[in-house]
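> Take a look at the letters that make up each chain.
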Amino acid sequence: MISSKLLGITTITYLVCMVSYFTYLFFRNPKFGKIITGITIAGLLVHTAALGMRWYESYQLGYGHIPLSNLYESLMSLSWTTVLVYLIIEFRYRSKALGIFIFPLVSIAMAYASLSPNIQDEIEPLIPALQSNWLTYHVMTCFLSYSAFAISFGSSITYLIKLRKAAPKSAAAQKTGDELLPSMEALDEIIYKTVAIGFLLLSIGIITGAVWANYAWGSYWSWDPKETWSLITWFVYAAFIHARLTRGWRGRKTAVLSIIGFAAVLFTFLGVNFLLSGLHSYGSG
Amino acid sequence: MSAENKKSAFARIWNFLISIKLTIALLILLSAVCVIGTLIPQNEAPMRYLQLYSKSTYNLFSALGFFDLFHTWWFIALISLFTLNLIACSINRLPRIWRLMFHGATILDDGLLQGLALVKKFNLKKFTPQHEEQIITAIGNYLKKPSLIKNAGEWHFFSESGRYTRLGFYLTHLGLVIIIVGAIAGLLGFQGYMQIVEGQTSNVIQMKKSNAIKKLDFGVRCDKFEVSYYEGSQRPKDYKSVLTIIEDNKEVLQKTIEVNDPLIYRGIFFYQSTYGAAPDGSGSARIRLTQKDGGGKHELEVKVGSTASIPGTPFAIRANEFLADFSLGADGKAFSRSEQLNNPALNLTVLKDGTENFTTWVFARYPDFHGKGDRPFDIQLLNFEPTYFTGLQVTRDPGVWIVWLGCALLVVGTFVAFFTSHRRIWLRIEEKEGEFKAVLGGSTNKNHAAFAREFETLFKNLKS
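Residue numbers (the working numbering), protein chains in the order written: chain A, 1 to 285; chain B, 1 to 464.
Please keep in mind that the hints were generated in silico from the structure rather than gathered at the bench. Here the structure is a predicted model, which is why all the values come from computation and not from measurement. Don't take each hint at face value.
Calculated cross-link-like contacts (lysine to any residue; reagent style SDA-like; alpha-carbon spacing at most 20 Å) [claimed, not checked]:
| id | chain 1 | residue 1 | chain 2 | residue 2 |
| --- | --- | --- | --- | --- |
| 1 | B | K126 | B | H156 |
| 2 | B | K446 | A | E185 |
| 3 | B | K446 | A | A186 |
Chain B is faced by these chain A residues, among others (derived, beta-carbon under 8 Å) [to be verified]:
| id | residue |
| --- | --- |
| 4 | P125 |
| 5 | Q131 |
| 6 | A196 |
| 7 | F199 |
| 8 | S203 |
| 9 | N214 |
| 10 | Y215 |
| 11 | Y220 |
| 12 | W229 |
| 13 | H242 |
| 14 | A243 |
| 15 | T246 |
| 16 | R247 |
Beta carbons are placed, not taken as given, at the ideal position from N, Cα and C, and that holds for glycine.
The whole structure should be built from the sequences, with the hints applied where relevant.
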């Protein structure tokens, strides 16, 4: 199938991106930087075409559904939203540093999805419970929020690394250190902004899920493990926001909270399906 | 207790409730409790728990309510405290927000000046009424048309936008409280299950929690149930039930429901939930008979309880009994393990000239099983179309619209709180010894970087 080949090309492109972003960290050639961004954009375009193709192919098989129906498709789509959100941040803040965190995440996710024998990569028909337009709204908003949180996580790690490096040096040494990385203030702002965007999207994702659950299962909230974990994630980021806005937490403390939040995101997305059972169990195959 | 003490007790409780530390503690506590509620399966049968945990652990968890954690009194108490905290914080902050919104300074004095992040000072050679107009236009283009207060030798311009965005987080918090109110209102509703065999009418609902029986004051008839499969596979594509509401012996509403498309009548939702073969084992079988003497094959349709003759032969076939999920009991008797079509089996008697020849079971899943003994036919069960029953989840939740209202407020409020800002611009011009000294000040409660850039542009505009 064409979509599988295109996804393979995308995975390889992102692996190239990962290596390139690391290389860029050492050489810092602006021309090279532009080339990397070009490769990333090309990768995203191929990725978009691949997902579109997979969607089209599912119609040809007589199923006709958006590629969000199982773990393989979820990982591929989540990678897509993550690269998209990453590129927006790269342009907005004119910094490529976060690429070194985002592309390993994305490449591992996509390679794992393609290569793991436990993951079905065939296009499968949709079980009746998933046959709804809410699938798109619910899953896409959730994935966009996960991506925003992933960027926040990457920024938090960068922040903590810079903090350790910066501590013993003088201010002057710090300046000559790495102008590639955004300043501490900019990182702090990215951490907060992406959490704010992610929080809003996660709220919408939980709500669209509730509306759908009410329509499909007759109850907008069932305390199913996936639901409960999304709520836990929401609580953690709510704590982040309150700590920052009302207690004035900045820098290291909020970076740590953002990392905890992302751990909750990962558990909500993957851990629940692998380790717990519940209504969302169709996501694991 | 004296009035003084009472007051201080009240003040202490109040100070406890308005603390943001309490909020963060509650968020952490609620998260921890939720984690427990996902690690321990909820609302399972005691047998299942005893497989998972030792007897003493089971007793401990049971006493703590861990098996139905989200409905325990202490979980509800936590949520209540969280709600109180939310309301108290909102009340506590209101006066300050109100002041910022409606009694903000319109005159830039030195005290205010010190607190501003963005300040620019410059001198003007001339300041005429024409300049005044220009400044009003320039600031107006940037934010909103500024107000102007003139004192002796002083001009005070003030403009602001997004004043009401300061209320964004109130909307978010109000939304949350409304969601909780909606959830409480939902307790007035019910959740249950009803099962209707094709062609029959029922009004009996079995309640989910209590297993009590509730009767609706109208009937629901299942006209037809259908299950379709994806081509060439056993994967169900769709389950559909055609339902008719019957009230006072009249058909008032008909709808084909499927998963993701319920029937709604008088605030009661009927959801397609399960299905199965009707317990009476009725239905219609399609059978293939292969004559062992080479006399050919016959295919015929026979209903359970009736007889069909095999054309061109002295034989006839009678369908005695159908089992959806065939199994043999300890006593050697056949029975159906469930209502699901897991192992469809049909008991048949072959008749020759009206007298019984032999009786056998045939299985849809095992077409090559033909029983023992010397028989004139091999018989295969090609298909069995049972009389189905449809299983409906029946729900009434009067709070659901309140919940949606709360959700809408929460989303709008969060958007406003994060992505819109209250921006203010002051411009003071003083005449001193023929010179005009100008001070431009700006403040925003969010997105400082972007505001600073725009402030710079405005400053350049005003200077020229």
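> If a hint holds in the structure, say so; if it doesn't, say that too.
Against the structure, the hints:
1. B:K126 - B:H156: holds (16 Å)
2. B:K446 - A:E185: Answer holds: K446 of chain B to E185 of chain A is near 15 Å, not above 20 Å.
3. B:K446 - A:A186: Holds. K446 of chain B to A186 of chain A sits at ~15 Å (cutoff 20 Å).
4. P125: Since the shortest Cβ distance to chain B is 4 Å, the answer is holds.
5. Q131: holds (6 Å)
6. A196: The hint holds - A196 of chain A has a Cβ within 8 Å of chain B, the shortest such distance being about 4 Å.
7. F199: holds (7 Å)
8. S203: Where the cut-off is 8 Å and the nearest Cβ of chain B is about 6 Å from S203 of chain A, the hint holds.
9. N214: holds (6 Å)
10. Y215: holds (6 Å)
11. Y220: Since the shortest Cβ distance to chain B is 6 Å, the answer is holds.
12. W229: holds (6 Å)
13. H242: Result: holds, 6 Å to nearest chain B Cβ.
14. A243: The hint holds - A243 of chain A has a Cβ within 8 Å of chain B, the shortest such distance being about 6 Å.
15. T246: Constraint on T246 of chain A satisfied, holds at 5 Å.
16. R247: Given a least distance of 6 Å, the restraint on R247 of chain A holds.
The structure is consistent with each of the numbered hints, conforming to all of them.
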